[in-house]
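Using the sequences and the hints, build the whole thing.
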Amino acid sequence: MSTPIRASSVLPAKREEIELHTADGLRLVGELARPLDREPVATLVCLHPLPTHGGMMDSHVFRKAAWRLPALADVAVLRFNTRGTSSLRGTSEGTFDNAVGERYDVAAAIEYAEFEELPNIWLLGWSFGTDLILKYGCDPALTGAILLSPPLRYSKPEDLAQWAQSGRPLTALVPEFDDYLRPEEARKRFAAVPQAEVIGVSGAKHLWVGDAERVLDEVVHRVNPAVAVPLPTTWDGPMETGDVSAYADRTVASFADRPVPGPPQAHAG
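The numbering used here runs 1 ahead of the 1-based position in the sequence shown.
These are calculated hints, taken from the structure and not from any lab test.
For clarity, every value in this text was computed on a predicted model and none was experimentally measured.
Keep in mind that the hints are not guaranteed to be accurate.
[To be verified] Cβ-Cβ distance ranges computed for the label pairs, FRET-style:
| id | residue 1 | residue 2 | range |
| --- | --- | --- | --- |
| 1 | G26 | S203 | 43 to 53 Å |
| 2 | E185 | S87 | 12 to 22 Å |
| 3 | A229 | T96 | 39 to 49 Å |
| 4 | R188 | S167 | 12 to 22 Å |
[Stated by the list, open to error] Listed below are the simulated EDC-like cross-link pairs for lysine to aspartate or glutamate, each with C-alpha atoms no more than 20 Å apart in a straight line:
| id | residue 1 | residue 2 |
| --- | --- | --- |
| 5 | K189 | D160 |
| 6 | K15 | D38 |
| 7 | K136 | D25 |
| 8 | K157 | D98 |
| 9 | K206 | E186 |
| 10 | K15 | E241 |
| 11 | K136 | E159 |
| 12 | K189 | E214 |
| 13 | K15 | D244 |
| 14 | K157 | E186 |
| 15 | K15 | E118 |
| 16 | K15 | D237 |
Every residue gets a Cβ at the ideal spot worked out from N, C-alpha and C, and that includes glycine.
The structure is reproduced here in structure tokens:
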């Protein structure tokens, strides 16, 4: 009997708690979810929104990706907390470093995916995580990257130039009503990357509340195009229920009425 897939639905997968070790000596906590009884076709390495504004490995789009995509799309999902970030999984060592020290976090995640011989590695970033991808994610091990709500706050023109030169696929999903960068301006900014695909998502906002399914469909269409989208909304088989109450407040509060910092500014004198 088919059961509706809800926000709290956890579909079958092989899940393991993992640790990443950075070149500057920190231990980061995370989780790797793989298909239960077959090898993955593709891999998502997730980089979460600003930890100073509630972002973490359990931010709702990434949580749903990990709970659904191994079963629905043969995709492995690697999530982790960047330095100083906490979630139910635990707290990663270190402190938030304004997209400076986080370069080592990105490298550690890619290195882990390579060491585990995970196939067809894509970076999936959201907000702050997109800046980390643009600055530090253009790695030879990657197939490409997908950006959710990219604010282009920490990344610079030379970062976009690096991606342009690489030729690697780059897709930006930009909400129609984003708080920081909307589709028209995003198309102008990403014109520096000829292969970049900018998709305006009608009706959506920065946090993708109510639009996670649209995001997952777009992601799967790129990383495993053999899978038909939209993805199923029901599941015929065993299913667990995850506790989403621990995340609700942090998701809603992530950016509400709070200024989001950019890179530290140099002061004269």
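Verification of the hints:
1. G26 - S203: 43 to 53 Å: At roughly 45 Å between Cβ atoms, S203 and G26 fall inside 43 to 53 Å, so the hint holds.
2. E185 - S87: 12 to 22 Å: Violated, since E185 and S87 (Cβ atoms, about 36 Å apart) do not stay within the stated range.
3. A229 - T96: 39 to 49 Å: holds, 44 Å
4. R188 - S167: 12 to 22 Å: Given a distance of about 20 Å, which is inside 12 to 22 Å, the answer is holds.
5. K189 - D160: The given pair, whose Cα atoms are some 15 Å apart, holds under the 20 Å limit.
6. K15 - D38: Since the Cα atoms of K15 and D38 sit roughly 8 Å apart, the hinted pair holds (cutoff 20 Å).
7. K136 - D25: Holds, at roughly 18 Å.
8. K157 - D98: Given that 20 Å is the threshold and the Cα spacing comes to 17 Å, the pair holds.
9. K206 - E186: OK: K206 and E186 at ~15 Å, within 20 Å.
10. K15 - E241: Roughly 13 Å separates the two Cα atoms, so the pair holds.
11. K136 - E159: holds, 9 Å
12. K189 - E214: This hinted pair is violated, its Cα atoms lying about 27 Å apart.
13. K15 - D244: Cα-Cα ~18 Å, so holds.
14. K157 - E186: holds, 15 Å
15. K15 - E118: holds, 16 Å
16. K15 - D237: Distance of about 18 Å is within 20 Å: holds.
Consistency with the previously given hints fails for numbers 2 and 12, ordered from lowest to highest.
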